[in-house]
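Going from the sequence shown to my numbering is simple: count from 1 and add 2.
Keep in mind the hints are simulated off the structure, nothing from the lab.
Ideal Cβ placement from N, Cα and C applies to all residues, glycine included.
A hint or two may mislead.
[What the hints assert, rightly or not] Restraint ranges, calculated between C-beta atoms of paired labels, are given here:
1. Gln57 / Gln8: 32 to 40 Å
2. Arg49 / Leu26: 13 to 21 Å
3. Glu54 / Ala5: 40 to 48 Å
4. Gln23 / Arg49: 19 to 27 Å
5. Glu6 / Ala28: 18 to 26 Å
6. Arg16 / Arg55: 25 to 33 Å
7. Arg60 / Ala28: 17 to 25 Å
8. Gly20 / Asn52: 19 to 27 Å
9. His31 / Glu56: 16 to 24 Å
10. Leu26 / Glu63: 12 to 20 Å
11. Thr51 / Arg16: 17 to 25 Å
12. Leu17 / Ile53: 17 to 25 Å
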Amino acid sequence: MSAEVQEHAERIDRLLKGDRQVVLAARIHGLILGVRNKELTIEDVTRFTNIEREQLLRMMENEGGRTDATASGNCG
Numbered sequence: 003m004s005a006e007v008q009e010h011a012e013r014i015d016r017l018l019k020g021d022r023q024v025v026l027a028a029r030i031h032g033l034i035l036g037v038r039n040k041e042l043t044i045e046d047v048t049r050f051t052n053i054e055r056e057q058l059l060r061m062m063e064n065e066g067g068r069t070d071a072t073a074s075g076n077c078g
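Let the hints inform the model, and build the full structure from the sequences given.
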């Protein structure tokens, strides 16, 4: 088994054993980073998840980051 396949299998195993809240928090953090890095827009997140715009902005604020979607080009 290649190192890449082994690493992937280990990641899956950690996710399966992990606490659902920890996994959920990691996924939300990934979405927030995507918005901050301009890889996603706020509209992308709200369209493809059940997270509402205001809820996402609050989560971004709670993570201590910038929530000015207009300045980052993520307004709609």
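Quick rundown of the hints versus the structure:
In this structure, Gln57 and Gln8 meet the distance hint of 32 to 40 Å, their C-beta atoms being roughly 38 Å apart. The beta-carbon spacing between Arg49 and Leu26, approximately 19 Å, falls within the hinted interval of 13 to 21 Å. Against the hinted window of 40 to 48 Å, the Cβ-Cβ separation of Glu54 and Ala5 comes to about 41 Å, which satisfies the hint. Checking the proposed 19 to 27 Å range against Gln23 and Arg49 shows it holds: the Cβ atoms sit about 24 Å from each other.
Checking the proposed 18 to 26 Å range against Glu6 and Ala28 shows it holds: the Cβ atoms sit about 21 Å from each other. Taken as a hint, the range 25 to 33 Å holds for the pair Arg16 and Arg55, whose Cβ atoms sit roughly 32 Å apart. Distance hint check: the CB atoms of Arg60 and Ala28 are about 18 Å apart, consistent with the given range 17 to 25 Å. The hinted range of 19 to 27 Å is satisfied by Gly20 and Asn52, whose Cβ atoms lie roughly 21 Å apart.
The hinted window of 16 to 24 Å between His31 and Glu56 holds, with their beta carbons roughly 18 Å apart. One distance hint, 12 to 20 Å for the beta-carbon pair Leu26 and Glu63, holds here, with the actual separation near 18 Å. Restraint check, Thr51 to Arg16: a C-beta distance of roughly 23 Å satisfies the suggested window 17 to 25 Å. The beta-carbon spacing between Leu17 and Ile53, approximately 20 Å, falls within the hinted interval of 17 to 25 Å.
Consistency with the previously given hints is maintained throughout, with no hint failing.
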